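With chain A fixed as given, assemble chain B onto it according to the hints.
Chains A and B supply the protein sequences, listed in that same order. Here the first sequence stands for residues 1 to 605, where the numbers follow UniProt numbering. Here the second sequence stands for residues 1 to 605, where the numbers follow UniProt numbering.
Derived from the structure by calculation, the hints contain no laboratory data. Remember, it's a predicted structure, so these values are computed and weren't measured experimentally. A virtual CB, placed ideally from N, CA and C, is assigned to each residue, including glycine. Check the hints yourself; a few may be wrong.
Which residues of chain B face chain A? A partial, calculated answer using Cβ under 7 Å [what the hints assert, rightly or not]: (1) 254; (2) 255; (3) 431; (4) 518; (5) 524; (6) 571; (7) 572; (8) 579; (9) 590; (10) 601.
Keeping only pairs whose Cα atoms sit at most 30 Å apart, straight-line, the calculated DSS-like set for lysine-lysine is [said to hold, decoys possible]: (11) B:601 <-> A:325; (12) A:37 <-> A:48; (13) A:37 <-> B:601; (14) B:510 <-> B:225; (15) B:325 <-> A:286.
To list a few chain A residues with every Cβ distance to chain B over 12 Å, as calculated [claimed, not checked]: (16) 378; (17) 495; (18) 589.
There are 2 protein chains.
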Amino acid sequence: MAAQYVADRRDIDFVLFDQFDAESLTHHPIYADFNRKTFEMVINEARKFALKELLPTYGLGDRQGVQFDRGTVTPPECFRRPFELFREGEWLALSEEPEVGGQGLPFLVSNAAGEYLIGTNFAFSSYAMLGHGAGKMIERYGTEHQKDLFMKKLYSGEWTGTMLLTEPDAGSDVGALTTSATPNDDGTWSIYGTKAFITSGDHDLTDNIIHPVLARIEGAPAGTKGISIFLVPKIWVNEDGSLGEPNDIVCTGIEEKMGLHGSATCSMSLGSKGTCRGLLLGEANKGMRIMFTMMNEARLGVGIQAFSHASAAYLLALEYARTRKQGRAVEEALDPTAPSVPIIDHPDVRRMLLEMKCCVDGMRSFAYYIALLMDHHRMGASPDDQEMADDLVGLLTPVLKAYNGIKGYDVCTKAIQVYGGAGYLRDYTVEQISRDCKIASIYEGTDGIQAMDLLARKLGMKKGQVFMELLARMNRTVEEAAELDATRPLTEGASKLVSRLGDCAMAMGKSLLEGNLRTAFAHSVPFLEIMGDAVMAWMLLWRAVAAARTLKSGAKKKDIPFYNGQIKGAEFFFSNLLPVTMGKMEALTALGDAAVTMEDKGFGG
Amino acid sequence: MAAQYVADRRDIDFVLFDQFDAESLTHHPIYADFNRKTFEMVINEARKFALKELLPTYGLGDRQGVQFDRGTVTPPECFRRPFELFREGEWLALSEEPEVGGQGLPFLVSNAAGEYLIGTNFAFSSYAMLGHGAGKMIERYGTEHQKDLFMKKLYSGEWTGTMLLTEPDAGSDVGALTTSATPNDDGTWSIYGTKAFITSGDHDLTDNIIHPVLARIEGAPAGTKGISIFLVPKIWVNEDGSLGEPNDIVCTGIEEKMGLHGSATCSMSLGSKGTCRGLLLGEANKGMRIMFTMMNEARLGVGIQAFSHASAAYLLALEYARTRKQGRAVEEALDPTAPSVPIIDHPDVRRMLLEMKCCVDGMRSFAYYIALLMDHHRMGASPDDQEMADDLVGLLTPVLKAYNGIKGYDVCTKAIQVYGGAGYLRDYTVEQISRDCKIASIYEGTDGIQAMDLLARKLGMKKGQVFMELLARMNRTVEEAAELDATRPLTEGASKLVSRLGDCAMAMGKSLLEGNLRTAFAHSVPFLEIMGDAVMAWMLLWRAVAAARTLKSGAKKKDIPFYNGQIKGAEFFFSNLLPVTMGKMEALTALGDAAVTMEDKGFGG
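Next up, chain A with everything else stripped away, as it sits in the complex:
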């Protein structure tokens, strides 16, 4: 995969500076030390590092894979050097405050850098970046001593982290986990249990790995209310911070997967010798809340993973379509002497590319918008604004995670299709990207779990006010679009969409209130997809508005096709894809219950 196929720098700049006005962040005191140049510098450096060090390991890491031998996990050899450089470059804590070892950058900017760091080789990032979430939990809930012992080393990448949540019989149903913790006299806890599907559960890239482990203290309440989190280091960390004895936690096997072959997915055994020790993080029985600090971050990360795969797949397919000659122009199809044309000239190929472009553009703006909300939360223009920004992040997180997972995979599938037969071959990167991307709909909570979170927890937040604020913000963009000739024709469809999105939420809410839980949840993923479609429409319209404004005020000649492309993309979405969303809304508001009333035996088999 060559350099130009990683995250589209031109488009990143557009989103940052044209769509979301990243420069205005520097007017706030906490970001006053930065300016557009420094923002660009960070992104340039991330890009340079990604292209030079990570990119060459993408296919290689897939082929080298992970080795497992008697409890020892060895990542792809080619990951060692970039891992060292990643650590030296201090890439992990870009948005953390300087006092905890961070760079203090806006989330919006670290998100752009993250697109390169996460998106170029996610199997690599799964080692390098998971420690961030563990560090964040310790920053928020740990004692000062725990921070001293673990946090900075996690943020610096000197050690890595994991999340030991899933067990063989407790995946999505976290409350069913059985790993146990019993107190020791010295204030530590003895941990016993087995965990499954643990990303980067073991490796030899660092001297130590800090495992946050979900476990149940003996006698704790059943379900999620009786879960606590313990910090279980691979190598025990002495009071003075020095490394002690290996702890009683081992990897008992790794999974062979469809993709992400360079990432170690481990089964872990804790306390098989009875000597696994951990430290309680935060309060006993409050583990779920603490874990969600990390989980929400991980879900946003997966949303970015999926769209990064999609972005790379799109750029590769686009380049292939521009260079691969096959067949004649449609007007000359019957003339065998006509020259063959690049396949981008074929209308169906253009249709596929434009569908992909709409997805990738929309998903990028969506992910960056959430980062911008995180900045609004941090900057806190007013306490109300601050809270609303955080609530909107909460509302949109399951949508970003699941929608990007679904659509990201769809874009990868289309990329294979643009390549034709070549796309099915290992020789072409889109095949690997597609295998790597599928997991995004599964881990950190499947689409079904995200949709339950959206429907059961997020939609009704603050009596629906958060959702209403989302609609209001969408309508604000529609109003802006109405002021410009280029985007005005799209506003009728957009208004109707926002209004129908409200209807859908009402239908869901009513169904829940009336106790038709099963019917409501049978429509939960379609509802999430509808919300995602609406966010895409919003983001694409917003992009078109930003592009039309720039064109109106005079763009550089060489940039005009790019800006026109933004408007065309929105036109395509509204004309070709939005009617399908409206159809989905039609189906949703009818609230059919066949899936619920179907007898189990009726499924056949």
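Only chain B this time, still in chain A's reference frame:
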């Protein structure tokens, strides 16, 4: 993969005998020797063979893969025994006339047997079954001598066949191929060229392989009008049928693919020593027409491949959903002491399963309906009927091929989703099925190629009368549904669908007539998908009618859930999925041209 996950025997019987009244075929003289028992016997035998001999090789063949060493291709070792048995069982020519070595069965019945033979292990079938198409071409276009030399040995499976069409720079654009043929004094032809992506291009399962090769005779017209077909045996076949010297055709490499690892995808070199010989099949420069005999059969085969993958994936996911316990019933979600339930109890899992079931059921009926049309063509109640049946096969072939490819892959993706994390692991068969299925949208003509065939050649057949006949047949089922209480509520939606399908075809036709070729072709795949959706609706309604009739006349108690499931499936499709199709129709008839008018540079990159 255990036995019950291969093709659903209960459903096959329903389609054959309830939906399509297979028994009535035996009233026709050509099928008078058969009865329901003999039909069932053939299918039972196919099933027994598939389960006992093919199924154990599915995962194994994927892991063993194909070996290539200096021109020699070795298929998975585990394919040898089933290949011998396949040949001994005379499974290849079930529907051919006895005089050419066939069993004379109705296509409808051989199609059902084929679901087991093709669907259980497609990598295996790709060796065993490709010879059929080559045999068919020779049966139709070969000289008596060619039939004696090749046809029976292909039909019996003593030798296998291929199709050497694609070249590195001429894939979809067949007319651009450059392989050349020059006449020799002895009536043979010297062939020179290279071919790519040749399925089963070489192997050692048989003594000989017959390669039909598309090539251009020196001085032939440019494009597809100058293409001829030559029979190029791997080992030369002497006049008396004995084997001669190895011919100058070698495999130069095999592809590493996403899936179908047990199937050899070969690059072939012809005439590298200047001594590759072939025999002209049929008339010079008429190769395209001859090739389409094989190609149409191959396209139907791919449609069956894709839906067989989907069927297996569905049955596996269904079984997993019935046995995997995780989480509590939605009404007891907040009670941690409530027992965990099989995941089929979760509304979103049911929704996924029912979407999958609708696809699989609809695709099975669709494929079997085409086989039934082939029987109508063969039986020929009247010359008009006979021609119309053949025309309908022509109209529907690109739809079956592409639609089943798209939806089949979609079902496989959903199956992975039902499995959650486990679905991403090599340990579970759905992962392999998904990788194996992706190719169905690509080979034998991509979705784009199928949609062009549909739009440019098939839709306008006989001034649109063939398409109108399709609509009339759909409406006939709607009328039948109106007579039954169980299905009457679906008829309003169904009528509207048929009428809107007509509108869509009109919009496409108008666009073509007015010369808006690019706009029309930019909507060609969406149009094909709409047609496929409509066929699904038709088939599911037809199934519901058949089920409602059987229920009305009194079904066995144990069969009632199955029949109810047919009606629920149709209800689900009409309530949850059909509005989405109506949305697609809305988008199509608006004929947006953004994909066409977009500047190339506007795509970014």
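Each hint tested on the structure:
Because the closest C-beta pair between residue 254 of chain B and chain A is about 11 Å apart, greater than 7 Å, the hint is violated. The interface hint given for residue 255 of chain B is met, as the beta carbon of that residue sits about 5 Å from the closest beta carbon of chain A, less than 7 Å. Using the Cβ-Cβ criterion of 7 Å, the hint placing residue 431 of chain B at the interface with chain A is satisfied: the shortest such distance is roughly 5 Å. Given hint, residue 518 of chain B at the interface with chain A, holds; its Cβ is 5 Å from that chain's nearest Cβ, closer than 7 Å.
With a cut of 7 Å, the hint placing residue 524 of chain B at the interface with chain A holds, because the nearest CB-to-CB distance is about 6 Å. Interface hint status for residue 571 of chain B: upheld, as the beta-carbon distance to the closest one in chain A is roughly 4 Å, under 7 Å. The interface hint given for residue 572 of chain B is met, as the beta carbon of that residue sits about 4 Å from the closest beta carbon of chain A, less than 7 Å. Hint status for residue 579 of chain B relative to chain A: holds, with the closest Cβ pair at about 4 Å, below 7 Å.
The interface hint given for residue 590 of chain B is met, as the beta carbon of that residue sits about 6 Å from the closest beta carbon of chain A, less than 7 Å. Hint on residue 601 of chain B holds. Least Cβ distance to chain A is approximately 4 Å, under the 7 Å limit. At most 30 Å may separate the alpha-carbon atoms for a hinted pair to count; residue 601 of chain B and residue 325 of chain A meet this at roughly 17 Å. Annotation: proposed proximity of residue 37 of chain A to residue 48 of chain A holds, straight-line Cα distance about 16 Å (limit 30 Å).
With a C-alpha separation of about 27 Å, the suggested pair residue 37 of chain A and residue 601 of chain B falls inside the 30 Å cut-off, and the hint holds. For the proposed pair residue 510 of chain B and residue 225 of chain B, the alpha carbon gap of about 28 Å is at most 30 Å, so the pair holds. Proposed proximity of residue 325 of chain B and residue 286 of chain A is supported: the alpha carbons are some 26 Å apart, at most 30 Å. Every Cβ of chain B is farther than 12 Å from the Cβ of residue 378 of chain A; the closest lies at roughly 31 Å, confirming the non-interface assignment.
Listed as a non-interface residue, residue 495 of chain A keeps its Cβ farther than 12 Å from every Cβ of chain B; the least gap is roughly 17 Å. Its beta-carbon lying about 9 Å from the closest one in chain B, residue 589 of chain A breaks the requirement of being farther than 12 Å from that chain.
Consistency with the previously given hints fails for numbers 1 and 18, ordered from lowest to highest.
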